[in-house]
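Residue numbers (the numbering used here), protein chains in the order written: chain S, 98 to 306; chain L, 98 to 306.
There could be a bad hint or two in this list.
What follows is a list of derived Cβ distance ranges for each label pair [said to hold, decoys possible]: (1) Gln174(S) <-> Arg200(L): 25 to 33 Å; (2) His294(L) <-> Gly144(S): 24 to 32 Å; (3) Arg284(S) <-> Leu189(L): 30 to 38 Å; (4) Glu305(L) <-> Ala153(S): 48 to 56 Å; (5) Arg149(L) <-> Gln174(S): 46 to 54 Å; (6) Glu106(S) <-> Leu198(L): 41 to 49 Å; (7) Arg267(S) <-> Gly144(L): 42 to 50 Å; (8) Gly290(L) <-> Ser194(S): 32 to 40 Å; (9) Glu101(L) <-> Glu276(S): 27 to 35 Å.
Read the hints as simulated data drawn from the structure, not as lab findings.
Bear in mind that the values here come from a model prediction, so they are computed numbers and not experimental data.
For glycine and all other residues, C-beta sits at the position ideal for the given N, C-alpha and C.
There are 2 protein chains.
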Amino acid sequence: MLVEHSVQEMLNELASAAPTPGGGSAAALAGALAAGLVSMVCNLTVGKRRYRSVEADMRSILGQAESCRERLTWLIQRDMEVYSTVMAAYRLPSTSSEERLSRQLAWQAALQEAADVPLQIAECCQNVVQLATDAARMGNTWAVSDAGAAASLALAGAQAASLSIEVNVRSMEDGAAAEAFRSRIERILAEVGRLAHETHAIVEERMEA
Amino acid sequence: MLVEHSVQEMLNELASAAPTPGGGSAAALAGALAAGLVSMVCNLTVGKRRYRSVEADMRSILGQAESCRERLTWLIQRDMEVYSTVMAAYRLPSTSSEERLSRQLAWQAALQEAADVPLQIAECCQNVVQLATDAARMGNTWAVSDAGAAASLALAGAQAASLSIEVNVRSMEDGAAAEAFRSRIERILAEVGRLAHETHAIVEERMEA
Chain S
98 MLVEHSVQEM LNELASAAPT PGGGSAAALA GALAAGLVSM VCNLTVGKRR YRSVEADMRS
158 ILGQAESCRE RLTWLIQRDM EVYSTVMAAY RLPSTSSEER LSRQLAWQAA LQEAADVPLQ
218 IAECCQNVVQ LATDAARMGN TWAVSDAGAA ASLALAGAQA ASLSIEVNVR SMEDGAAAEA
278 FRSRIERILA EVGRLAHETH AIVEERMEA
Chain L
98 MLVEHSVQEM LNELASAAPT PGGGSAAALA GALAAGLVSM VCNLTVGKRR YRSVEADMRS
158 ILGQAESCRE RLTWLIQRDM EVYSTVMAAY RLPSTSSEER LSRQLAWQAA LQEAADVPLQ
218 IAECCQNVVQ LATDAARMGN TWAVSDAGAA ASLALAGAQA ASLSIEVNVR SMEDGAAAEA
278 FRSRIERILA EVGRLAHETH AIVEERMEA
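In isolation and in its complexed conformation, chain S is listed as follows:
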């Protein structure tokens, strides 16, 4: 598991010529970092007398952020697996016409999965940026800048995931499936962008207060 490697090793593996980990895993890690920062803001808020009125909300945000973090941590690894499946299908023998057909079927099936994983990463990033907005609004002002950092990282995660989706979608023969992926990620990106902008505005306002 990549997340069991040290941060330094993970960075070295990312930088190497090995195709995995790549942009999809980096996207999931960016999302996990964002979720971690939201949790930190919550952990620096709950139990504080001054923030008693938002205690229940912040506990709820914390629980959701930790679920997102767990899921995104799993998706770091999952993206590497589905990419390897695409590569394995691509390398299947294709000398006979039967081999070519079965290679094509395996490849197309692998592409669907390899586009679905970064879509899940982007969906999680959307959840995280929503939680960052809430944490920025209600959390400890002393840590509000970390909610802003979370929003930036969740947006980067969604953008990087969208590129991983497109890489796989452009080789799909099923035009309707390709279109469904593209319209779904476009809506997610628009919403994540809007929420990141909103979070940054709240952070700026509360840092000045």
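With chain S's structure known, arrange chain L on it following the hints.
Quick look at chain L alone, frame taken from chain S:
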């Protein structure tokens, strides 16, 4: 050293109530991930016959990206150290007027350092996004989406760093120093945003080709 911890441990420490690692370290890590992705694009390009004409350029980009990655990896730890120095100064005794003065001096000096480290992180992110633009233009089309992911992550790193700068700058008594930090980071953010946009346009164009 945080980078010697596993990715999972680092995420747990980020999410905890401990104030470090926080947004500044997450910013440096986002920048290091971006630099790693640029290096990956270079490593998937150099030595390939088809990209012989850009071999020297890509080798130069690789060397610079690896330098940026090393520096950003160091800044992950450095941000934790300067934050701890600010906290230590803040907690100095302040019962006598002499103690209050020496506490104030120590705190103000620590704030300068604690703003300077995320400024260095943002400067490195600017270098990385410039390298991502070049890698997107010249690198292996097969990996061009990773240059786009690098641009998104470098932008997130610079944005998160800017919030860390602001947190420290707003407590500075030296108005001229505060203004210098703010005008410097504003120019960096504008340039990083412009370059990230340019990189995404190049990536989109080359993915369609």
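Going through the hints against the structure:
1. Between Gln174(S) and Arg200(L) the C-beta distance comes to about 48 Å, which lies outside the given range of 25 to 33 Å.
2. Between His294(L) and Gly144(S) the beta carbons are some 42 Å apart, a value that contradicts the proposed interval 24 to 32 Å.
3. Range check, Arg284(S) to Leu189(L): Cβ separation about 52 Å, and the 30 to 38 Å hint is violated.
4. Our hint of 48 to 56 Å for Glu305(L) and Ala153(S) holds, since their Cβ atoms are close to 49 Å apart.
5. The hinted window of 46 to 54 Å between Arg149(L) and Gln174(S) is violated, with their beta carbons roughly 36 Å apart.
6. For the pair Glu106(S) and Leu198(L), the supplied restraint of 41 to 49 Å holds, since their beta-carbon distance comes to about 47 Å.
7. Between Arg267(S) and Gly144(L), the C-beta spacing of about 26 Å breaks the proposed range 42 to 50 Å.
8. A C-beta distance of roughly 51 Å is found between Gly290(L) and Ser194(S), which places it outside the suggested range of 32 to 40 Å.
9. Take Glu101(L) and Glu276(S): their Cβ atoms lie about 46 Å apart, and the range 27 to 35 Å is violated.
In the structure shown, a violation is registered for the earlier hints numbered 1, 2, 3, 5, 7, 8 and 9, in ascending order.
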